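Chains as they are written, first to last, in the working numbering: chain A, 4 to 162; chain B, 4 to 162; chain C, 4 to 162; chain D, 4 to 162.
These aren't lab readings, by the way, just hints derived from the structure by calculation. Just so you know, these numbers come straight off a predicted model, no measurement behind them. Glycine included, C-beta positions come from ideal geometry on N, C-alpha and C.
A short, non-exhaustive set of chain D residues, derived as facing chain B with CB atoms under 7 angstroms:
no.: 1; residue: TYR32
no.: 2; residue: ARG47
no.: 3; residue: GLU50
no.: 4; residue: CYS54
no.: 5; residue: GLU65
no.: 6; residue: GLY90
4 protein chains.
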Amino acid sequence: MTNLLTVHLDTNYLGEEMSYTYEREINYYETDKMGIVHHSNYIRFLEEARCRWLRELGISMEILEEKGYTIPTLEVNCRYKTHVTSGDVILIKPIVTEYNGVRMKVSYDVIEKNTGNVVIKAWTKHCFTNTSLKPINMKKNNIEIHNIFDKLLNEALPV
Amino acid sequence: MTNLLTVHLDTNYLGEEMSYTYEREINYYETDKMGIVHHSNYIRFLEEARCRWLRELGISMEILEEKGYTIPTLEVNCRYKTHVTSGDVILIKPIVTEYNGVRMKVSYDVIEKNTGNVVIKAWTKHCFTNTSLKPINMKKNNIEIHNIFDKLLNEALPV
Amino acid sequence: MTNLLTVHLDTNYLGEEMSYTYEREINYYETDKMGIVHHSNYIRFLEEARCRWLRELGISMEILEEKGYTIPTLEVNCRYKTHVTSGDVILIKPIVTEYNGVRMKVSYDVIEKNTGNVVIKAWTKHCFTNTSLKPINMKKNNIEIHNIFDKLLNEALPV
Amino acid sequence: MTNLLTVHLDTNYLGEEMSYTYEREINYYETDKMGIVHHSNYIRFLEEARCRWLRELGISMEILEEKGYTIPTLEVNCRYKTHVTSGDVILIKPIVTEYNGVRMKVSYDVIEKNTGNVVIKAWTKHCFTNTSLKPINMKKNNIEIHNIFDKLLNEALPV
Numbered sequence: 004m005t006n007l008l009t010v011h012l013d014t015n016y017l018g019e020e021m022s023y024t025y026e027r028e029i030n031y032y033e034t035d036k037m038g039i040v041h042h043s044n045y046i047r048f049l050e051e052a053r054c055r056w057l058r059e060l061g062i063s064m065e066i067l068e069e070k071g072y073t074i075p076t077l078e079v080n081c082r083y084k085t086h087v088t089s090g091d092v093i094l095i096k097p098i099v100t101e102y103n104g105v106r107m108k109v110s111y112d113v114i115e116k117n118t119g120n121v122v123i124k125a126w127t128k129h130c131f132t133n134t135s136l137k138p139i140n141m142k143k144n145n146i147e148i149h150n151i152f153d154k155l156l157n158e159a160l161p162v
Numbered sequence: 004m005t006n007l008l009t010v011h012l013d014t015n016y017l018g019e020e021m022s023y024t025y026e027r028e029i030n031y032y033e034t035d036k037m038g039i040v041h042h043s044n045y046i047r048f049l050e051e052a053r054c055r056w057l058r059e060l061g062i063s064m065e066i067l068e069e070k071g072y073t074i075p076t077l078e079v080n081c082r083y084k085t086h087v088t089s090g091d092v093i094l095i096k097p098i099v100t101e102y103n104g105v106r107m108k109v110s111y112d113v114i115e116k117n118t119g120n121v122v123i124k125a126w127t128k129h130c131f132t133n134t135s136l137k138p139i140n141m142k143k144n145n146i147e148i149h150n151i152f153d154k155l156l157n158e159a160l161p162v
Numbered sequence: 004m005t006n007l008l009t010v011h012l013d014t015n016y017l018g019e020e021m022s023y024t025y026e027r028e029i030n031y032y033e034t035d036k037m038g039i040v041h042h043s044n045y046i047r048f049l050e051e052a053r054c055r056w057l058r059e060l061g062i063s064m065e066i067l068e069e070k071g072y073t074i075p076t077l078e079v080n081c082r083y084k085t086h087v088t089s090g091d092v093i094l095i096k097p098i099v100t101e102y103n104g105v106r107m108k109v110s111y112d113v114i115e116k117n118t119g120n121v122v123i124k125a126w127t128k129h130c131f132t133n134t135s136l137k138p139i140n141m142k143k144n145n146i147e148i149h150n151i152f153d154k155l156l157n158e159a160l161p162v
Numbered sequence: 004m005t006n007l008l009t010v011h012l013d014t015n016y017l018g019e020e021m022s023y024t025y026e027r028e029i030n031y032y033e034t035d036k037m038g039i040v041h042h043s044n045y046i047r048f049l050e051e052a053r054c055r056w057l058r059e060l061g062i063s064m065e066i067l068e069e070k071g072y073t074i075p076t077l078e079v080n081c082r083y084k085t086h087v088t089s090g091d092v093i094l095i096k097p098i099v100t101e102y103n104g105v106r107m108k109v110s111y112d113v114i115e116k117n118t119g120n121v122v123i124k125a126w127t128k129h130c131f132t133n134t135s136l137k138p139i140n141m142k143k144n145n146i147e148i149h150n151i152f153d154k155l156l157n158e159a160l161p162v
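Starting from the given sequences, assemble the full structure and let the hints guide the process.
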């Protein structure tokens, strides 16, 4: 995870174009009897951030599905650092940290807006499939979409 | 709702064949920061009971979908009576209280297993659709499925 | 429900102060295999709208809990009219349609932003409790909070 | 993850006492518009398995909470292998693969009952806290609970 952190910090030098931050308020129904957000919900928040980010990039899940693509999740990893609860606001910054046309890794900084505390450290791995959920190589199937992800990866790389 | 209650009590005289009870333990992630089950989850528990009941009757949602039918929910009504929390076990008894081939109303007794306390009183209304989500008349489309629901209604009626 | 609709239409004449609209995008994880929002999720969207509305009014759930109050849900009723799916945006307008210090009914118009289609018609009933979940009379317990709800009810009444 | 698999296979020689399998049917509301279980739900299924397993061992979450302990989740990792959908039944086998009184790692085999297909490979890491959510050393705080987890770890080790 050290590398990911480095990547993230370095990207601060790269200017506005790659930076996407998703602001999200915690709902009451997302807490559990411990009084804090149930840990499973963060996996959903990551998806929210990822989907809205893709839409900002012009390739929303809905557009991708129209073109016959889906982006299933192959793996998730989430380390819980501090707790938030209903009414709190979190900021999620997704960046592409691995991409080769076939697989993609997205890493996320998640902080509490008011305090700046790190809430979780997380990453998700994905592949690309057609409508029959068969894996495809995006570079061979759709060079425009490929170029978007490739650019995101390059922007995320340390200079 | 008085009628529904009467229906339920009367059906105790009608023998085993119509009686279905779904036993369900409450999960930790279904509680909220009040320390009790979040009220939205009961709508899901009702669906669980309904789906497993239909499967017992030989018409699981999966079989219905294979035949091209779905049973969308048109309306839900849920009155919350007492609270349960993680580790508690509830018993859900669904009965058909209205059915005419086009619309169906299912009513539910939900009690806590250990105490017998009424947890919620609820009903849901449904129609039947084909794969394009167009409403259909089950009596005209599939007399076998129609007969099952019709029998359930008759069994639920007070003698 | 005709009365509720009338109330809502009439309130358009009453000026901006009571009008609150919550804009909410549907998430991917809120859909089910029918391809549309699972019906249980609307109960959660209503809570989101209600909580953010209360916060706008200066009495967020968090502030209420600090003062020792909660607002449990006693009953929900939801009629499903048209479907929405991930990426769609809904607008939720809550109004107080009954209030007497002890009980409160909140009604909701929920429309799809792009089409103006009615998505659901819903209402929820609530009481007020102290930290031991014992019902209280808000008029006797906290006249300031009482006055807010009372004003909301009066604003919602047809002229 | 190779080691974990080895651990799991070896434990088959150790007799019945440590083997716990949680059987779980997938609900309709747990699917998404891809027609399969939404990936976030598996985190919840793991918790279900973990909680019921602890109860079998005499230390349910409710008993632990009464004694003033909670077991927060520090990290989750989940690799998605094959898809299941509503009506499918999965079997979850949790085993303790790391434990030292302060931290615990639980690993899970999750297979589809009918096919034997591996659905996910997952692990979760936990600590132990008191009611103020301060980390504690279970060995120093409660030797009986410590011994249960210690025994589970030893049973899971390859002979």
